[in-house]
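Our numbering runs 41 ahead of the 1-based position in the sequence shown.
Hints should not be assumed to be uniformly reliable.
Label-pair distances were calculated between CB atoms; the ranges are [claimed, not checked]: (1) F359 to E266: 19 to 29 Å; (2) G155 to G364: 44 to 54 Å; (3) P208 to L182: 13 to 23 Å; (4) L182 to R45: 37 to 47 Å; (5) F343 to R273: 18 to 28 Å; (6) V360 to P336: 21 to 31 Å; (7) F359 to P119: 16 to 26 Å; (8) D354 to A90: 33 to 43 Å; (9) H367 to D279: 18 to 28 Å; (10) R372 to A342: 14 to 24 Å; (11) G155 to E344: 20 to 30 Å; (12) F343 to A89: 41 to 51 Å.
Worth flagging that the hints you see were computed from the coordinates, not collected in a lab. Predicted, not measured: the structure shown is a model, and the values here were computed from it. No residue lacks a Cβ here, since even glycine has one placed at the ideal position from N, Cα and C.
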Amino acid sequence: MIPRIDIAPLFGPASRQRDSVDRAINDAASGIGFMTVIGFPGAESLVAARRARLLSIFSLPEEEKRKLWRWNFDNSKPNVYRGWYPVQEVTVSHKEGIDMGPDIARGPSCIDSGDPLREATPLPQDGLVPGWREAVAAYYLAMEETGAAIMRSVARGLGLEETTFDPAFANGISTLRLTRYPPRAGEGEPSHGADPADAEERRKLVGGAHVDSGFVTLLAQDGVEGLQAEDRSGRWIDVPPQDGTLAINFGKLLERWTGGRIRATLHRVMAPGRERFSIPFFYEPAAEARITPLPLAGVGAFEPFLYGDYLWDVATNFVELRGIRHLRQPRMQGA
């Protein structure tokens with residue numbers, strides 16, 4: 042069972058209500074590693090009519106989407122980390138979408154042309170999708186605020202100072218992703234020449250089972266089912282979509298950083314037989330944030346490293362970013 046938590050008290054002063062929310066988040070984070078939340082900034086953007094504005098970029102003609110493609114899909118493009126990725130028909134990951142950085146909300150001060158992780162986000166021309174730029178900028182800022190509140194709650198739940206994680210996330214490089222899962226050809230038909238049970242499982246899978254690599258993912262769904270999380274018994278359970286609700290899960294680096302106290306949970310997307318959209322926000326530290334051991338009992342020592350180096354190493358394994366690893370070198374002195 043995925044817990045549902047009203048996190049509104051996290052945005053107010055210390056109180057018994059906030060303490061109760063901290064306990065609920067800690068229980069979810071250390072248990073199944075998933076939760077759904079209400080009572081967060083920007084929730085009004087996730088009612089159907091407002092959500093449609095965020096997703097209106099998918100109405101662009103293919104030639105306009107192509108202008109936003111990343112370097113690994115079109116080597117004439119300068120952007121390698123931000124931008125559009127088209128559907129890859131030959132992979133389990135059957136989706137298209139766009140990855141956007143903090144510059145969409147905070148402007149060019151976030152951009153560093155010397156680091157792909159801080160490159161400018163390619164965007165469609167003004168007027169092609171009216172109101173879209175304003176909508177994604179406002180949503181990005183709301184998710185930053187929500188991510189910060191959740192990380193402070195996690196810190197309190199771990200017995201740390203609530204601002205423990207704040208310095209790492211100053212000038213963060215969080216990613217707002219808009220994703221479309223188109224219906225896959227052949228859905229609903231048996232796979233020929235394969236074991237029926239195994240073929241049925243693979244035929245329906247459109248987002249391969251994985252754990253997120255970073256810290257906290259805040260996911261808005263579009264009302265179409267498909268997201269599943271693996272519980273501690275190894276059983277796949279549905280994460281039900283609801284308007285005005287975020288599904289939240291925790292990443293592998295946070296699990297490692299907290300000595301396993303916070304759990305990164307395996308999750309996947311199964312084809313519902315119709316078009317599906319999702320809006321994940323990956324709340325991330327600055328590229329130059331130095332990750333060092335936390336003052337927690339039982340957390341093993343490790344060599345400090347830069348978040349950007351870690352992120353580049355793991356993110357470039359995903360099909361949407363494959364083939365670009367050589368375009369950024371480690372920045373940690375002595376690495």
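Okay, the hints, checked on the actual structure:
F359 and E266 have their C-beta atoms about 23 Å apart, which keeps the hinted 19 to 29 Å range intact. Distance hint check: the CB atoms of G155 and G364 are about 21 Å apart, inconsistent with the given range 44 to 54 Å. At about 20 Å, the CB distance of P208 to L182 agrees with the hint of 13 to 23 Å. Checked against the hint of 37 to 47 Å, the pair L182 and R45 fails, with Cβ atoms roughly 24 Å apart.
Evaluation of the 18 to 28 Å hint for F343 and R273 yields a pass: the beta carbon distance comes to about 26 Å. Roughly 38 Å separates the CB atoms of V360 and P336, a value that falls outside the hinted 21 to 31 Å. For the hinted restraint 16 to 26 Å between F359 and P119, the CB-CB distance of approximately 21 Å keeps it satisfied. Against the hinted window of 33 to 43 Å, the Cβ-Cβ separation of D354 and A90 comes to about 40 Å, which satisfies the hint.
For the pair H367 and D279, the supplied restraint of 18 to 28 Å is violated, since their beta-carbon distance comes to about 40 Å. For the pair R372 and A342, the beta carbons lie near 22 Å from each other, so the given range of 14 to 24 Å is met. Between G155 and E344 the beta carbon distance is about 25 Å. The supplied range of 20 to 30 Å therefore holds. For the pair F343 and A89, the supplied restraint of 41 to 51 Å holds, since their beta-carbon distance comes to about 45 Å.
When each numbered hint is compared with the structure, violations occur for hints 2, 4, 6, 9.
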